[in-house]
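So the protein lines, in turn, are chains V and Y.
Residue numbers for the first sequence follow my numbering, beginning at 1 and rising by one.
Residue numbers for the second sequence follow my numbering, beginning at 103 and rising by one.
No lab work stands behind these hints: they were computed from the structure.
The structure displayed is predicted, hence computed values, not measured ones.
Some but not every residue of chain Y turned toward chain V, in silico, with C-beta under 10 Å:
hint: 1; residue: V194
hint: 2; residue: M200
hint: 3; residue: L202
hint: 4; residue: E205
hint: 5; residue: Y316
hint: 6; residue: R321
hint: 7; residue: R330
hint: 8; residue: L342
hint: 9; residue: D343
hint: 10; residue: V345
hint: 11; residue: M352
hint: 12; residue: V378
hint: 13; residue: T382
hint: 14; residue: G386
hint: 15; residue: Y611
hint: 16; residue: L612
Keeping only pairs whose Cα atoms sit at most 20 Å apart, straight-line, the calculated EDC-like set for lysine to aspartate or glutamate is:
hint: 17; chain 1: V; residue 1: K24; chain 2: V; residue 2: D89
hint: 18; chain 1: Y; residue 1: K225; chain 2: Y; residue 2: E605
hint: 19; chain 1: Y; residue 1: K212; chain 2: Y; residue 2: E617
hint: 20; chain 1: Y; residue 1: K607; chain 2: V; residue 2: E13
hint: 21; chain 1: V; residue 1: K97; chain 2: V; residue 2: E8
hint: 22; chain 1: V; residue 1: K97; chain 2: V; residue 2: D11
hint: 23; chain 1: V; residue 1: K97; chain 2: Y; residue 2: E604
hint: 24; chain 1: V; residue 1: K97; chain 2: V; residue 2: E13
hint: 25; chain 1: Y; residue 1: K140; chain 2: Y; residue 2: E474
hint: 26; chain 1: Y; residue 1: K138; chain 2: Y; residue 2: E474
hint: 27; chain 1: Y; residue 1: K372; chain 2: V; residue 2: D89
hint: 28; chain 1: V; residue 1: K54; chain 2: Y; residue 2: D329
hint: 29; chain 1: Y; residue 1: K225; chain 2: Y; residue 2: E604
hint: 30; chain 1: Y; residue 1: K372; chain 2: V; residue 2: E94
hint: 31; chain 1: Y; residue 1: K607; chain 2: V; residue 2: E17
hint: 32; chain 1: V; residue 1: K91; chain 2: Y; residue 2: D370
hint: 33; chain 1: V; residue 1: K54; chain 2: Y; residue 2: D184
hint: 34; chain 1: Y; residue 1: K607; chain 2: V; residue 2: E8
hint: 35; chain 1: Y; residue 1: K607; chain 2: V; residue 2: D11
hint: 36; chain 1: Y; residue 1: K372; chain 2: Y; residue 2: E617
hint: 37; chain 1: Y; residue 1: K607; chain 2: V; residue 2: E94
hint: 38; chain 1: Y; residue 1: K225; chain 2: Y; residue 2: E617
hint: 39; chain 1: V; residue 1: K91; chain 2: Y; residue 2: E605
hint: 40; chain 1: Y; residue 1: K225; chain 2: Y; residue 2: D596
Built from N, CA and C at the ideal position, the CB exists for glycine as well.
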Amino acid sequence: MDKKHPLEAMDREKFQELVVNKWKGSLSLTAAMMLAYFGFILVLAYAPRLLSVKIGEHMTLGIPIGIMVIVLAIVLTGIYVFWANSSYDRKVQEVLKSMRRK
Amino acid sequence: MDIVDTAIGQPSATSITFFLIFIIATLTITYYAAKKSKSASQFYAAGRGVTGMQNGLALSGDYMSAASFLGIAGLVSLRGFDGLIYSIGFLVGWPILMFLIAEPLRNLGKFTFVDVLAYRLSKRPIRIAASGGSLMTVFFYLIAQMVGAGTLIMMIFGMPYELAVVIVGMVMIMYVLFGGMIATTWVQIIKAVLLLSGGTIMVLLIMIHFGFSYGELFRQASMTYGDRVLEPGGLVASPLDAVSLGIALMFGTAGLPHILMRFYTVRDAKTARRSVFYATGFIGFFYILTFTIGFGAMVIVGQEAIAAMDSGGNMAAMLLAEATGGAVFLGFIAAVAFATILAVVAGLTLAGASTLSHDLYAGVFRFGRSTEKEEVKVARISTLSLGVMAIVLGLVFQGQNVAFMVGLAFAVAASANFPALVLSILWRNYSTFGACLSIVTGTVLAVGLIIISPTVWVEILNNPTAIFPLSNPAIISVAGAFAAGYIGSKLRPDPEASSRYEEQKVRNYLGVGAE
Numbered sequence: 001m002d003k004k005h006p007l008e009a010m011d012r013e014k015f016q017e018l019v020v021n022k023w024k025g026s027l028s029l030t031a032a033m034m035l036a037y038f039g040f041i042l043v044l045a046y047a048p049r050l051l052s053v054k055i056g057e058h059m060t061l062g063i064p065i066g067i068m069v070i071v072l073a074i075v076l077t078g079i080y081v082f083w084a085n086s087s088y089d090r091k092v093q094e095v096l097k098s099m100r101r102k
Numbered sequence: 103m104d105i106v107d108t109a110i111g112q113p114s115a116t117s118i119t120f121f122l123i124f125i126i127a128t129l130t131i132t133y134y135a136a137k138k139s140k141s142a143s144q145f146y147a148a149g150r151g152v153t154g155m156q157n158g159l160a161l162s163g164d165y166m167s168a169a170s171f172l173g174i175a176g177l178v179s180l181r182g183f184d185g186l187i188y189s190i191g192f193l194v195g196w197p198i199l200m201f202l203i204a205e206p207l208r209n210l211g212k213f214t215f216v217d218v219l220a221y222r223l224s225k226r227p228i229r230i231a232a233s234g235g236s237l238m239t240v241f242f243y244l245i246a247q248m249v250g251a252g253t254l255i256m257m258i259f260g261m262p263y264e265l266a267v268v269i270v271g272m273v274m275i276m277y278v279l280f281g282g283m284i285a286t287t288w289v290q291i292i293k294a295v296l297l298l299s300g301g302t303i304m305v306l307l308i309m310i311h312f313g314f315s316y317g318e319l320f321r322q323a324s325m326t327y328g329d330r331v332l333e334p335g336g337l338v339a340s341p342l343d344a345v346s347l348g349i350a351l352m353f354g355t356a357g358l359p360h361i362l363m364r365f366y367t368v369r370d371a372k373t374a375r376r377s378v379f380y381a382t383g384f385i386g387f388f389y390i391l392t393f394t395i396g397f398g399a400m401v402i403v404g405q406e407a408i409a410a411m412d413s414g415g416n417m418a419a420m421l422l423a424e425a426t427g428g429a430v431f432l433g434f435i436a437a438v439a440f441a442t443i444l445a446v447v448a449g450l451t452l453a454g455a456s457t458l459s460h461d462l463y464a465g466v467f468r469f470g471r472s473t474e475k476e477e478v479k480v481a482r483i484s485t486l487s488l489g490v491m492a493i494v495l496g497l498v499f500q501g502q503n504v505a506f507m508v509g510l511a512f513a514v515a516a517s518a519n520f521p522a523l524v525l526s527i528l529w530r531n532y533s534t535f536g537a538c539l540s541i542v543t544g545t546v547l548a549v550g551l552i553i554i555s556p557t558v559w560v561e562i563l564n565n566p567t568a569i570f571p572l573s574n575p576a577i578i579s580v581a582g583a584f585a586a587g588y589i590g591s592k593l594r595p596d597p598e599a600s601s602r603y604e605e606q607k608v609r610n611y612l613g614v615g616a617e
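In isolation and in its complexed conformation, chain V is listed as follows:
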């Protein structure tokens, strides 16, 4: 297979933009997940009383927050899939088209 040929025909600017956008998205979501998780751990370590705060008679703040970190993990992956399937994949197709045209 000739690997050089499609590379030369590619719309380089569009490709670079695609790569930059992909990592902007990926790294922001990674940062969000890390912030939530390590934030949770650090609160546990330094201020566990914050999570023992009563919200209702037999419920502490820690339980909904813990469940929220789990839900957040699912939601963030959902956001990524949604973004990748719509915006990212469309741009991939555009770049691929630019390679085929020439």
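Dock chain Y against the given chain V, drawing on the hints supplied.
Leaving out everything else, chain Y in the frame of chain V:
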């Protein structure tokens, strides 16, 4: 009368029936899979024909071990809120795997994650180094699983430990040896469906008991055991320790060879992406189930009875199954636990065997010139050898405290495999020498530091004080691996590898030429 009046620990007609149905069904699948599993692509990657939903279930099947089902439910039942901290740690690696690794992994590799590294780095040195990291991860995880398998099955079915280990090993070898990835995938899917539905039924039974109100569940729990079960209770020893364990769990998930291998069973990066989303959903749901099951067991069964059966609380879910659904439901959940154990060790063995045959035999020993037939043959020999080794290790480590080995497997995965993958995907000037140095540094630091850590040095080797203060080495070993990768690449650059980075990028982001 005993504190605990239970049928757990005696093989019952129902548990054996359910178990036999599972074994017959999975071996039938293995029989049909064996007819198909002739080519390398079938044996390692199920012919890349697994759908997103199927792979999502299979990924969660590979990940949800009996230890996380029985262990976390038990931890919650005895310690309440603290058990939730573990669950969260085991889930947060999945988004990271998705954002950083999923697509490049699928687009650049063929059968194993080592393929991704060998894409532009010098093939033989990098395959040797990366296989080391991969095999170490599988090895530690496998020991933990085999010993856990023997102990749990002994407790649940009253079967001798040795017999339990041998049965698990033999059935698992049959799946992998004859059915390759096709059979292993279906075993994972069936197990995941059984575990998720069994857990859901149990939670429904709990909820009937409490009038479908979590408020009522927590009210009764805190009435009996005090508000402490709803609060963090000192499971987190020191902040640094907690962060270090967090790093191992978060980045280790993205470096587990048996998980990464599943990405090659789907058609393309888009399907891979979708399957991670399903897996994250299933696993997250599963941890919410185990949290509920733990609290349910605490109230319905009672902490005294749970601790009387097993001080670690491992039988909490079993006791709860019996209390809420009687002997039939107990038999069902017992069979589900057995299936869970079998599936996880099968996935690990297949990943280990693939590294031995695809990366080491075909890639290193035969310079990539072996035929497909030879490679699959070696994969089968490796499966058999690893399976026998797993049985022997299970027997050797009987009664030993191997709980730390799960943490160690995650630490090695996070230190050896994850940094190498990330750097090879993102950094043009990553060199072969840098990659090898990074993998070796990560592995040596992870293993070395855990030996001199409180978990091994004090608790197992009975020394008075630990040389290294943290229980999990990840904070040092992951940073060390990244640093070694950087320094190594600066010391000995690899112009050949750098020149192929553009080509790698095109395949990585556009999927052009992906297998």
